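Participant: In case you want the letters, here they are:
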Amino acid sequence: MIEKALKGNQGYWTWMIFLLSIIGVGALCYVQQFNYGLGYTGMSRDVSWGIYISQFTFLVGVAAGGVMLVLPYYVHNYKAFGRITILGEFMAIAAIAMCLMFIMADLGQPTRALNVLLHPTPNSMLFWDMIVLNGYLFLNVLVGWVVLNSEAKEVPPPKWLKPFIYLSIPWAISIHTVTAMLYCGLGGRHFWLSAIIAPRFLASAFAAGPSLLLLIALILKRVSKFDVGETATQKLITIISYAALLNFFFVGLEFFVGYYSNIPGHKHTLQYLFFGLEHDGHMYNNLVKFMWISVIMGFASLALFFTPQTRKNEKTIMIACLLMFFSLWIDKGLGFVLGGFVPSPLDYVTEYYPSFGEIAITMGVWASGFLILTILYKVAISVKLAKES
Amino acid sequence: MDMKRRNLLKIAGMSAIAGVAAPSALNLLMKGNVQASSSAGHSDSPSDAHGEMPAEKPTGVRLGLAIDVKKFAENKGLAEKCVAACHQIHNVPDFGNPKDEIKWLWIEKFENLFPDHSHYKKNEELHQLPFLAVCNHCDDPPCVRACPTKATFKAANGAVIMDFHRCIGCRFCMAACPYGARSFNWRSPREKDANGKLKFIKDLNEKFPTRMRGVVEKCNFCAERLAENLPPKCVEIAASAQAMYFGDMNDPHSEISKVLKTKFTIQRKPALGTLPSVFYII
Numbered sequence: 243m244i245e246k247a248l249k250g251n252q253g254y255w256t257w258m259i260f261l262l263s264i265i266g267v268g269a270l271c272y273v274q275q276f277n278y279g280l281g282y283t284g285m286s287r288d289v290s291w292g293i294y295i296s297q298f299t300f301l302v303g304v305a306a307g308g309v310m311l312v313l314p315y316y317v318h319n320y321k322a323f324g325r326i327t328i329l330g331e332f333m334a335i336a337a338i339a340m341c342l343m344f345i346m347a348d349l350g351q352p353t354r355a356l357n358v359l360l361h362p363t364p365n366s367m368l369f370w371d372m373i374v375l376n377g378y379l380f381l382n383v384l385v386g387w388v389v390l391n392s393e394a395k396e397v398p399p400p401k402w403l404k405p406f407i408y409l410s411i412p413w414a415i416s417i418h419t420v421t422a423m424l425y426c427g428l429g430g431r432h433f434w435l436s437a438i439i440a441p442r443f444l445a446s447a448f449a450a451g452p453s454l455l456l457l458i459a460l461i462l463k464r465v466s467k468f469d470v471g472e473t474a475t476q477k478l479i480t481i482i483s484y485a486a487l488l489n490f491f492f493v494g495l496e497f498f499v500g501y502y503s504n505i506p507g508h509k510h511t512l513q514y515l516f517f518g519l520e521h522d523g524h525m526y527n528n529l530v531k532f533m534w535i536s537v538i539m540g541f542a543s544l545a546l547f548f549t550p551q552t553r554k555n556e557k558t559i560m561i562a563c564l565l566m567f568f569s570l571w572i573d574k575g576l577g578f579v580l581g582g583f584v585p586s587p588l589d590y591v592t593e594y595y596p597s598f599g600e601i602a603i604t605m606g607v608w609a610s611g612f613l614i615l616t617i618l619y620k621v622a623i624s625v626k627l628a629k630e631s
Numbered sequence: 004m005d006m007k008r009r010n011l012l013k014i015a016g017m018s019a020i021a022g023v024a025a026p027s028a029l030n031l032l033m034k035g036n037v038q039a040s041s042s043a044g045h046s047d048s049p050s051d052a053h054g055e056m057p058a059e060k061p062t063g064v065r066l067g068l069a070i071d072v073k074k075f076a077e078n079k080g081l082a083e084k085c086v087a088a089c090h091q092i093h094n095v096p097d098f099g100n101p102k103d104e105i106k107w108l109w110i111e112k113f114e115n116l117f118p119d120h121s122h123y124k125k126n127e128e129l130h131q132l133p134f135l136a137v138c139n140h141c142d143d144p145p146c147v148r149a150c151p152t153k154a155t156f157k158a159a160n161g162a163v164i165m166d167f168h169r170c171i172g173c174r175f176c177m178a179a180c181p182y183g184a185r186s187f188n189w190r191s192p193r194e195k196d197a198n199g200k201l202k203f204i205k206d207l208n209e210k211f212p213t214r215m216r217g218v219v220e221k222c223n224f225c226a227e228r229l230a231e232n233l234p235p236k237c238v239e240i241a242a243s244a245q246a247m248y249f250g251d252m253n254d255p256h257s258e259i260s261k262v263l264k265t266k267f268t269i270q271r272k273p274a275l276g277t278l279p280s281v282f283y284i285i
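Residue numbers (our numbering), protein chains in the order written: chain V, 243 to 631; chain B, 4 to 285.
The set of hints was computed from the structure by calculation and includes no laboratory data. Check the hints yourself; a few may be wrong.
To be verified - Straight line, CA to CA, 25 Å or less: simulated DSS-like cross-link-like pairs of lysine-lysine:
(1) V:Lys-509 <-> B:Lys-272
(2) B:Lys-124 <-> V:Lys-509
(3) V:Lys-509 <-> B:Lys-112
(4) B:Lys-125 <-> V:Lys-509
Since we're looking at a predicted model, the values are computed, not measured.
Take the sequences, apply the hints, and build the full model.
Facilitator: This is the structure in structure tokens:
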């Protein structure tokens, strides 16, 4: 089946070469980072995780978002998702691949990564994260590939696959729960020490993942004959809207706890992220504009999704998806991880700015993810269109 | 070895592993601390504490350090001398910028070391004192709980130490440490200039290893000196001024036990339940 990715029109190949060139730049920068050390990035003693780990955290959510298609289709037999469920599974594969690349990019000693397997340490949440992420990758590769193969041969998927499909549903929840536990179990970091982190992660994941999926599906409709269908589109919009509302509700609860209790530790990071933190006569606010852009984009997207005219118009749907995706990317892929380091345990404020090379590596990983996604979607759509013609 | 005996040994071995491993694996998860459960077991698990501060049990050796801050203030330059000596014998590199900074022992102000204490109408003298910041060698260390490879672990004497060769550089321990005690080698400390001299380590101590880039490091309670029955370097230097006390806190006759019994001390962030082994006499 994979040979279907080798046949494409000019637009397809232009897109692939575009991605490959970004990957090339990222790879060159990674070689530099590998030879110099992580000081190549903007990270420091006080802000010891940067955009690599924040992208990883966000992308675990994108991967988990695929379950919003798998669950209605396989458990509730929701036929309208028949055409796009495979897209959700394949998006999960690409997202997990990006997660693993970001973790590798973030390791000080990447050649020792296997120590996590050689010295298994169940009290470390990173150990469990390694298990759930690789397990989810395996489940999605297996389910996606077998289902697509059956479709190509025009036979129903084999019965033995069912348990794996059902297992992938709680497993999707687990990947983002465990990723939240990387943060919410750390006593010294007040912003992360909140029981609502895992539900908040899941809510934002169930909005961000389907937003990206719907956006890609509508782009595919324009560049190929593949059509997700009106029913599926509308159902996805409903899922995105309510998941996003829940996410904003949870963020609001964090504000209530911080500002009503007035406990400095619970308030400082929110203050830093949304209003700027004054400390020793300096104003620290390099993320404030991003956070407000995130808020505005999120609410603008919700307005588009809840207005009957814009909810029916494909162009406005695409804009709303884009706004929602970027809103949640800033919220989780930027603010959540970076904000947690302010103030430092010794009550200093250090601001983080990614270096040029760090941004290039980050873009390279994203481009690799989109390359994987493009290949998988090309194969999936070719099979589906061949079957229908 | 004949087959029967071999099989018997196999079965015996397997059942021993199953019997021993199952409860201890559960114990690992519940306690969240590999080394503590395999060594003497210094404290109750948090679940035993019934919502109160976890109690410390006086079993096994538990090293502790008491720092008399006023003595450091009286002896000008003593704190700086401790820091310099510690960093020299441990080959701690000096990169000359805060971004790459590595420190094991350093001087802080009261408000930075104790940010959750009230600073209203602050005591001028208190806020001028040179407070030494150092790894707390917690009895329930969050860094050890977070480490995915056991590269950082608790030794039988209670010291929290690092295996630089196992560390993968994920920096989870740095995010987990509530005391900012951990540093990362953002670049190679072994870099040499054109003449083949180390650029960032001025006075190399051949007896202690230098690190490679990409690993975390921190105070090791001078494990290498304790092995030779020597006190930690900072304690040795501060001894003349009686500014530091070091020893087994579980031994009621040790000097540190007597000091802790008679003097008022404070610990950093005690509410987190990490049970620090470093005390400040003010």
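Participant: Next, verify each hint and record whether it holds.
Facilitator: We went through each hint and held it up to the structure:
no. : hint                    : verdict
1   : V:Lys-509 <-> B:Lys-272 : holds (18 Å)
2   : B:Lys-124 <-> V:Lys-509 : holds (23 Å)
3   : V:Lys-509 <-> B:Lys-112 : holds (23 Å)
4   : B:Lys-125 <-> V:Lys-509 : holds (23 Å)
The structure shown violates none of the earlier numbered hints.
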